[in-house]
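There are 4 protein chains.
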Amino acid sequence: MSEETTDKKETARIEAFSDGVFAIAMTLLVLELKVPQLDEVASGTELWIALLSRWPSYLAYLVSFLFILIVWVNHHRLFVLIGRSDSRLLFLNGLILLVVTTIPFPTALLAEYLDRPAAWVACALYTATFVLLALSFSVLSSYISQNNHLLIRNLSPAQQAGITHNQRFSLISYSIAFALSFVNVYASFGLCILLAIYWAVIGYEQVSKADA
Amino acid sequence: MSEETTDKKETARIEAFSDGVFAIAMTLLVLELKVPQLDEVASGTELWIALLSRWPSYLAYLVSFLFILIVWVNHHRLFVLIGRSDSRLLFLNGLILLVVTTIPFPTALLAEYLDRPAAWVACALYTATFVLLALSFSVLSSYISQNNHLLIRNLSPAQQAGITHNQRFSLISYSIAFALSFVNVYASFGLCILLAIYWAVIGYEQVSKADA
Amino acid sequence: MSEETTDKKETARIEAFSDGVFAIAMTLLVLELKVPQLDEVASGTELWIALLSRWPSYLAYLVSFLFILIVWVNHHRLFVLIGRSDSRLLFLNGLILLVVTTIPFPTALLAEYLDRPAAWVACALYTATFVLLALSFSVLSSYISQNNHLLIRNLSPAQQAGITHNQRFSLISYSIAFALSFVNVYASFGLCILLAIYWAVIGYEQVSKADA
Amino acid sequence: MSEETTDKKETARIEAFSDGVFAIAMTLLVLELKVPQLDEVASGTELWIALLSRWPSYLAYLVSFLFILIVWVNHHRLFVLIGRSDSRLLFLNGLILLVVTTIPFPTALLAEYLDRPAAWVACALYTATFVLLALSFSVLSSYISQNNHLLIRNLSPAQQAGITHNQRFSLISYSIAFALSFVNVYASFGLCILLAIYWAVIGYEQVSKADA
Numbered sequence: 009m010s011e012e013t014t015d016k017k018e019t020a021r022i023e024a025f026s027d028g029v030f031a032i033a034m035t036l037l038v039l040e041l042k043v044p045q046l047d048e049v050a051s052g053t054e055l056w057i058a059l060l061s062r063w064p065s066y067l068a069y070l071v072s073f074l075f076i077l078i079v080w081v082n083h084h085r086l087f088v089l090i091g092r093s094d095s096r097l098l099f100l101n102g103l104i105l106l107v108v109t110t111i112p113f114p115t116a117l118l119a120e121y122l123d124r125p126a127a128w129v130a131c132a133l134y135t136a137t138f139v140l141l142a143l144s145f146s147v148l149s150s151y152i153s154q155n156n157h158l159l160i161r162n163l164s165p166a167q168q169a170g171i172t173h174n175q176r177f178s179l180i181s182y183s184i185a186f187a188l189s190f191v192n193v194y195a196s197f198g199l200c201i202l203l204a205i206y207w208a209v210i211g212y213e214q215v216s217k218a219d220a
Numbered sequence: 009m010s011e012e013t014t015d016k017k018e019t020a021r022i023e024a025f026s027d028g029v030f031a032i033a034m035t036l037l038v039l040e041l042k043v044p045q046l047d048e049v050a051s052g053t054e055l056w057i058a059l060l061s062r063w064p065s066y067l068a069y070l071v072s073f074l075f076i077l078i079v080w081v082n083h084h085r086l087f088v089l090i091g092r093s094d095s096r097l098l099f100l101n102g103l104i105l106l107v108v109t110t111i112p113f114p115t116a117l118l119a120e121y122l123d124r125p126a127a128w129v130a131c132a133l134y135t136a137t138f139v140l141l142a143l144s145f146s147v148l149s150s151y152i153s154q155n156n157h158l159l160i161r162n163l164s165p166a167q168q169a170g171i172t173h174n175q176r177f178s179l180i181s182y183s184i185a186f187a188l189s190f191v192n193v194y195a196s197f198g199l200c201i202l203l204a205i206y207w208a209v210i211g212y213e214q215v216s217k218a219d220a
Numbered sequence: 009m010s011e012e013t014t015d016k017k018e019t020a021r022i023e024a025f026s027d028g029v030f031a032i033a034m035t036l037l038v039l040e041l042k043v044p045q046l047d048e049v050a051s052g053t054e055l056w057i058a059l060l061s062r063w064p065s066y067l068a069y070l071v072s073f074l075f076i077l078i079v080w081v082n083h084h085r086l087f088v089l090i091g092r093s094d095s096r097l098l099f100l101n102g103l104i105l106l107v108v109t110t111i112p113f114p115t116a117l118l119a120e121y122l123d124r125p126a127a128w129v130a131c132a133l134y135t136a137t138f139v140l141l142a143l144s145f146s147v148l149s150s151y152i153s154q155n156n157h158l159l160i161r162n163l164s165p166a167q168q169a170g171i172t173h174n175q176r177f178s179l180i181s182y183s184i185a186f187a188l189s190f191v192n193v194y195a196s197f198g199l200c201i202l203l204a205i206y207w208a209v210i211g212y213e214q215v216s217k218a219d220a
Numbered sequence: 009m010s011e012e013t014t015d016k017k018e019t020a021r022i023e024a025f026s027d028g029v030f031a032i033a034m035t036l037l038v039l040e041l042k043v044p045q046l047d048e049v050a051s052g053t054e055l056w057i058a059l060l061s062r063w064p065s066y067l068a069y070l071v072s073f074l075f076i077l078i079v080w081v082n083h084h085r086l087f088v089l090i091g092r093s094d095s096r097l098l099f100l101n102g103l104i105l106l107v108v109t110t111i112p113f114p115t116a117l118l119a120e121y122l123d124r125p126a127a128w129v130a131c132a133l134y135t136a137t138f139v140l141l142a143l144s145f146s147v148l149s150s151y152i153s154q155n156n157h158l159l160i161r162n163l164s165p166a167q168q169a170g171i172t173h174n175q176r177f178s179l180i181s182y183s184i185a186f187a188l189s190f191v192n193v194y195a196s197f198g199l200c201i202l203l204a205i206y207w208a209v210i211g212y213e214q215v216s217k218a219d220a
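Residue numbers (the numbering used here), protein chains in the order written: chain A, 9 to 220; chain B, 9 to 220; chain C, 9 to 220; chain D, 9 to 220.
Bound-form chain A, shown alone (with noise of 0.2 angstroms):
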């Protein structure tokens, strides 16, 4: 097996690995999803009014869900430029995992306090964990710019400014959404849901012309 094989070997290894922990991740938000424990009597209508009572729960998990679908395609979409991995690009890469395991916990408190005075705390660590996520795929994308050894090809102009702009982007939007959590909520919150959406359907696209 030549070297080149071996080292294409090796962060296909990565990326297996990053992919489980995404999915994971992914599938662990439902368990915060909690059945509402009503009396044995409890009528339907009851039960509806007990569940839609908690649609924070359901808009939180919602908008997690998406994010991680959209960091595992941008990951992915990195990890297509890398061609060899070193010491620091297995810890960098293991700071955003940890990031990303990490979401379940900021969702499950915002679901817990969206609707209650709180909320902006919640609010707040949840748009943080955004903006950690930003900033760790943003340290991760400037080390392998700065080490052409590991890619596959150097980049194209092109290339490095659609990165650029893309990591620039969601550091600031991410940034609105946690510096607006301590002036209102909603906006932080509204905010995070139209980034989700946007990446989602507009950012792909984008992307998707500047691959073509």
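Note that these hints are calculated values from the structure, not bench results. Note that the structure is a prediction, hence the values are computed from the model and not measured. It is possible that some hints are incorrect.
To be verified - DSSO-like mimics (lysine-lysine), calculated; alpha carbons at most 30 angstroms apart, straight line: (1) C:LYS42 with A:LYS42; (2) A:LYS42 with D:LYS42; (3) B:LYS17 with A:LYS17.
With the hints as your guide, set chains B, C and D onto chain A.
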């Protein structure tokens, strides 16, 4: 590596990721089976009775497990046809994964309320999940049918008809189960059981014959 | 890609999916190990006692973990023989997965009741799970023995005899453990422990010798 | 398919299975981060205080996450040397997986008791897990060193010395952390944190240099 190989690797990765989500969702179902908390001197008979009284949990567990297994097979049968991915395909596949990861929640809800007055609400949500899944599959299938360049080769009229037939059948039958939940919960859930058995035993055979 | 390659890829995917289910079921077992909730000023000695009093949890955890590990090995040994899949194989494999994903539940039940009067019920269900698993393996093995076209090459008489012997041994020994649970719980669970050790240490050696 | 290819596929499957277990154990850690249950009108400040008072949870989470990540890397570095498996290798690898899947339990224990009088018991069990893991790695390494036919090629004296050094270092350092837990919990846990950072940052670099 030729472009075709890269494309195929791309869809293989989507499949592997989806498989991970299916396997985890399937296995998390068991966390909804709760050990009865009896006092220290409870007799064996009391434990039997406590366990047996939870039959809705076991039934809901079985049906949901079988259901995700069937979804896994169908997902796979669809993806063997696909040779390339684009951003919209990724997003539509994400929709399927979203519904699949949610399944443990309506399952737990049904397990809790099946033998209680509020059962119809739980059953409506349970069957609605199946309808949503059938819908998300239909959307994905339509999308790939209309975007031939994503397919490995054009679908034969028989393949196209088979897919259309299966999805129409799913959509209609689960919609009936959903409608029945407002009339008679046992009829609705009974239909879910029958459909799970049908797909596991008869449905697969049909598909296999069509393959041959 | 030749047809044979496609078939092999197909069974490889079933194996990868099953492996995922095994790995998750194995890892979920740890969620049944509960941290003792003592009051704020509890001494270290009190924590030791509280932890030690939960010995049935640890024992049940160990045996179930070892058991799933052994199932993983046996599943793999069976699948290296298989070169093609059909719908019934998929369904029979699904039965094995169903029993495996269920294991955390009887494990938690046994952990809760092993040192209490209702232990025999928990133990009967625990050993019944092992009997069911042995049965589902037997059914799958019979099926592939009778459908030679699914095999990579015909089984040698020695291989055939080895598989039959192992499965008869499993089925009989776990049935004895099940029967013993109605007589003496410690004898029954003790036999499970012995069997787990036998398979992990001696059983594998035998199979390896047969391979050589 | 040549015999060598089959052997390599065999060890690849053990690696993939182990990776799955590592990824799940890592991600399950988050389930131990509990959302504070405050009354409906709790202020943001109260939530902050409740969250901050749980700092042992976050610290234990971080250290255990980093620890499993390091184990994953080390496991991989060992397995790239291995070209064949036998039943004993499988069993020794199973021992490593057993300890890894157990990690969420001592982590939760430490998170619960770190700032309470019984902390030394929790810390002793936490560090004992690390000692056990170092031990199980040592056993696996010795086994493959003594069974050259399992290796892809004979270890160079430098590789052999590197492995021996790393494992002796792990075993001794975690044993010191274990011993310290009976003297001073913060010194013991502090050493665990230092070791995690050492392995993540300095340790990897060393190994990489040795590779070059």
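The hints, checked one at a time:
1. Restraint check for C:LYS42 and A:LYS42: satisfied, since their Cα atoms lie roughly 20 angstroms apart, inside the 30 angstroms limit.
2. Restraint check for A:LYS42 and D:LYS42: satisfied, since their Cα atoms lie roughly 14 angstroms apart, inside the 30 angstroms limit.
3. With a CA separation close to 13 angstroms, the supplied pair B:LYS17 and A:LYS17 stays within the 30 angstroms bound.
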